[in-house]
Amino acid sequence: MAGDMKKTALHDLNVDLGAKMVPFAGYNMPVQYPMGVLKEHLHTREAAGLFDVGHMGQVFLVAEDKTFATAAKALEALVPASISDLEPGQQRYTQFLDDDGGILDDLMVSRINMPGHDHMIYLVVNAGCKDADYAHLAANMPDDVAVNIKDDTLSLVALQGPKAVEIIARLNPDIADLVFMTHGEFELELPDGGIYAHVSRSGYTGEDGVEISAHHDHMKRLVGHLLTQEGVAPIGLGARDSLRMEAGLCLYGNDIDTTTSPIEAGLIWSVQKHRRSGEGYKGAARVAADLKVKTRRLVGIKPEGRAPARAHTEIQDVNGNRIGEVTSGGFGPSVSGPVAMGYVDVPHNKSGTAVHLIVRGKALPATVTKLPFVPHNYFRGK
Amino acid sequence: MMKYTESHEWIKVDGDVATVGISDYAAKALGDVVFVELPGVGDDMEAGGEMAVVESVKAASEVYAPVAGEVTEVNEALEGAPETVNAAPTEGGWFVKMTVTDTSALDALMDEAAYKDYCAGL
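Taken in order, these protein sequences are the chains called U and W. Residue numbering for the first sequence follows my numbering, beginning at 168 and increasing consecutively. Residue numbering for the second sequence follows my numbering, beginning at 17 and increasing consecutively.
Chain U on its own, in the form it takes in the complex:
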């Protein structure tokens, strides 16, 4: 079984670092390093955490006519976000929707910012969905838009935390000028020679930081160097999950899937106003319908006490009626207590609503709260 697992380019390094490796989305991935989940989480919020996310899918969409408009129009038929108005260097979060408006995957979309290449669209998709995503793109992209999958050549890491940008900017000071959700191509001056990398000021921890894409061999050198920098520690999937949960960010397969729509999941901010009319892309009717008739919403839930409520915990109103289910839940190290996210029927989604979580047969009191649990620390400019 383990022999069938795929490995990222950083696999051997992860093992050398003492990582506990577990199967995740078909890959053998580090769930934690010797520091442990709790300390790794807190380290990321205080300094800089380095995450191997090389299992995620990296794809370029390139139109035969070498125009951005052609590729953007093709992608816009599959996602609720507006793509045609992306400027070079801009990045957007969106979702692939099925015909019924259910979420097939969530992804990052970037327009490359490099002379002669700004017609290219770069996507980062979830590891667990990527084979289906690639098939979805192959089936739905017109013949004149090529789908170039780069998993065999490109690695991906995230450097997250308040010190992340200061540390990466030592290799190229221009990176510090990026604001949240922008990116560019940068030469990174490593002690043993420069490498080129795609650097975006984004991530999935709620912290400031970057995601860096580079060729496998270059990435090994970059990571080797970053780990020598004070304040940088390798962080596993365990802390990645508690960090994104405190940040109120959806995890595909937990909080969003084909049974949930972007509006129910509270992702309306990722659907630009002119994309809410009910037309123009797969699933658009569901987006418009969910805005009109409100049935349920993804909310933050703060359990009172210390007992965590895990995914699939039943949520009841104070009278014992079932109103929903927890989709992500656990312990939030920065909150220093349990945190959860889940869907509740409208109008129980209002902040401050008292609810009960049924944990091991007992009703634990909890409160519906606004997300995130920990304020986002994104850099939006000086």
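Please note that a few of the clues may not be correct.
Claimed, not checked - With a Cα cut of at most 25 Å, we get these calculated BS3-like pairs of lysine-lysine:
| no. | chain 1 | residue 1 | chain 2 | residue 2 |
| --- | --- | --- | --- | --- |
| 1 | W | K28 | W | K44 |
| 2 | U | K529 | W | K113 |
| 3 | U | K461 | U | K529 |
| 4 | W | K74 | U | K187 |
| 5 | U | K173 | W | K74 |
| 6 | U | K449 | U | K459 |
| 7 | U | K459 | U | K469 |
| 8 | W | K44 | U | K529 |
| 9 | W | K44 | W | K113 |
| 10 | U | K469 | W | K74 |
| 11 | U | K206 | W | K74 |
In case anyone wonders, no lab produced these hints; they're calculated from the structure. Computed from a predicted model, the values in this text were never measured in an experiment.
Given the coordinates of chain U, work out where chain W should sit on it, guided by the hints.
Chain W in isolation, oriented as in the chain U frame:
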């Protein structure tokens, strides 16, 4: 003398009372413990029956009674300081004190050396 179960609890008998907790091996495998749900004082335990639940940052795991008996005391300090289970699993991180209905049941459990071999084979 400390005895161990295959599900990684330890039990130590002192006169009429036995103290129960989870082993160092279990504490390490669970990772950072963030919550422990303990039984009530006076609860009757069956051998192998669910006695407590320990929640780590990763998951919830059940803790089973090594032998039958009645709970006489629970470690209330774990409520405010569940991390003690990681720091000192066989000392300050104990879970419950209980009577032992049939002390001969202890003979079926592993001693330190046997438990060490058992863990090495996992």
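Against the structure, the hints:
1. W:K28 with W:K44: Holds. K28 (chain W) to K44 (chain W) sits at ~20 Å (cutoff 25 Å).
2. U:K529 with W:K113: 24 Å, holds
3. U:K461 with U:K529: The hint is violated at about 30 Å.
4. W:K74 with U:K187: With Cα atoms ~13 Å apart, K74 (chain W) and K187 (chain U) stay inside 25 Å; holds.
5. U:K173 with W:K74: 23 Å, holds
6. U:K449 with U:K459: 18 Å, holds
7. U:K459 with U:K469: Outside the cut-off at roughly 28 Å; violated.
8. W:K44 with U:K529: Outside the cut-off at roughly 28 Å; violated.
9. W:K44 with W:K113: 22 Å, holds
10. U:K469 with W:K74: At roughly 18 Å apart (the allowed maximum being 25 Å), K74 (chain W) and K469 (chain U) satisfy the hint.
11. U:K206 with W:K74: This hinted pair holds, its Cα atoms lying about 13 Å apart.
The earlier numbered hints that this structure contradicts are 3, 7, 8.
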